[in-house]
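> The residues making up each chain are set out below.
2 protein chains.
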Amino acid sequence: MSKAPTERTRVKRVNENAKYDEATIHAILDAQPMCTVGYVFNGTPYVTPTLQWREGNHIYWHGSAASRMLEACEETQVCVNVTVFDGMVMARSAFEHSCNYRSVMAFGIARKVVDRDQKEARLKAMVEQLFPGRWDMLRAMKEKELKATTILGLELNEVSAKVRSGGPIDDEDDYGLPIWAGVIPLQMVALPAVDDPRTLAGLVAPEHVGKFKIG
Amino acid sequence: MSKAPTERTRVKRVNENAKYDEATIHAILDAQPMCTVGYVFNGTPYVTPTLQWREGNHIYWHGSAASRMLEACEETQVCVNVTVFDGMVMARSAFEHSCNYRSVMAFGIARKVVDRDQKEARLKAMVEQLFPGRWDMLRAMKEKELKATTILGLELNEVSAKVRSGGPIDDEDDYGLPIWAGVIPLQMVALPAVDDPRTLAGLVAPEHVGKFKIG
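So the sequence lines, in the order shown, correspond to chains A and B.
Quick note, the first sequence lines up with residues 4 to 218 if you use this note's numbering.
Quick note, the second sequence lines up with residues 4 to 218 if you use this note's numbering.
Here chain A stands alone, though its shape is the one from the complex:
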């Protein structure tokens, strides 16, 4: 996939930072499960954070079947944003300060996953992508849990990425000024896991816990 931008996905500002290729878009979606979902409810915009996961050319998110966000998104236009915040870019003028980031915006109609087996397969994929091997270690999903869960999916047909990296770009005249400029890189770090106090004696965290990373 390297789709031509649509009116909604064509990056207007600093468009040399725009990316429309599948590899870049997938890598950003796979790096950061936290997303925000934008939707319109009663005529006004809402933005709700939730976790997304990708399978092929779709992303999914889920929650309680009673969720207002999921109800409001179902079968309607949404915009999903995933942003990895990579750093503060400090220039010699306030104007040229910036951020480094990797961001994806995906537009389209959110579709509900209705088939029971498809729902379970999607949830398994979510768990396995975050924590390989975990699904089969867990207590099996109950039918009432599946019923209480709504999953929405969005096909990645209208999607763009915007990426900024590197140092500040100052006005040529400003490079001679005695002002420090540079980048503060930012990174999401997974700290050592904390056992639940009721974890049975002798149980240690599986390998997927120590290997978990974001960004």
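Hints are not guaranteed to be accurate.
Claimed, not checked - DSSO-like mimics (lysine-lysine), calculated; alpha carbons at most 30 angstroms apart, straight line: (1) A/K22 <-> B/K150; (2) B/K122 <-> B/K145; (3) B/K214 <-> A/K214.
Claimed, not checked - Non-contacting residues of chain B with respect to chain A, defined by C-beta distances greater than 10 angstroms in every case (computed): (4) E25; (5) E158; (6) V166.
For the record, the hints were derived by calculation from the structure and aren't laboratory data.
Remember, it's a predicted structure, so these values are computed and weren't measured experimentally.
Just so you know, even glycine gets a beta-carbon here, dropped at the ideal spot from N, CA and C.
Assemble the complex: chain A is given as a structure, and chain B must be docked to it using the hints.
Just chain B now, kept in the frame of chain A:
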């Protein structure tokens, strides 16, 4: 401030996690400059990441005067979300897996800052909040830079926070299962600053660079 929730800000799901007090809301906004702004353009929702900063009971965000996002948001209903992603919560069943987070949703009409001096004051406040003492170290702002910048503000009158912390809460029957459960804490870390290669010899990063933190 500890405003009663409105129809839009009343947290519906897991409402024991809802917070409406000013101290909680301000602390989250002050901890994480990255936000997403939700707005409606041509009838469909958009979500755009940008930096926000808070002054008193307002948040602000800014960008190029040519920005589609800023133009579309001006004098219309927006929803701004700030989310600090604090951890993965791993339970004994897939269903009880969760995230720890601190999140704010603010609704209202975005107002453009039009007065020249007010614009400069807002930009100074942004720089000073991120990097105390930096504004006066920088090359002074040019009039054309001020003109090329649009700043939008949102009064925090319709706002809620939702916070989850702590370990997994499993079904009572599941605590006896030999399944590891716990939390992987996540933290945004500022790595050592990288000097711009054109920084003049002998210049070192000011104190505000080393002290910068997020989350």
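> Each hint should be assessed against the structure and marked as holding or not.
Status of the hints after comparison with the structure:
Distance check on the hinted pair: A/K22 and B/K150 sit about 29 angstroms apart at the alpha-carbon level, within 30 angstroms; holds. Distance hint between B/K122 and B/K145 is fulfilled; the C-alpha atoms sit about 12 angstroms from each other, no more than 30 angstroms. Restraint check for B/K214 and A/K214: satisfied, since their Cα atoms lie roughly 29 angstroms apart, inside the 30 angstroms limit. With a cut of 10 angstroms on Cβ distances, B/E25 stays outside the contact zone with chain A, its closest approach being about 21 angstroms.
No Cβ of chain A comes within 10 angstroms of the Cβ of B/E158; the nearest lies about 16 angstroms off, and the non-interface call holds. Against chain A, the non-interface label of B/V166 holds: every CB pair exceeds 10 angstroms, the least being about 12 angstroms.
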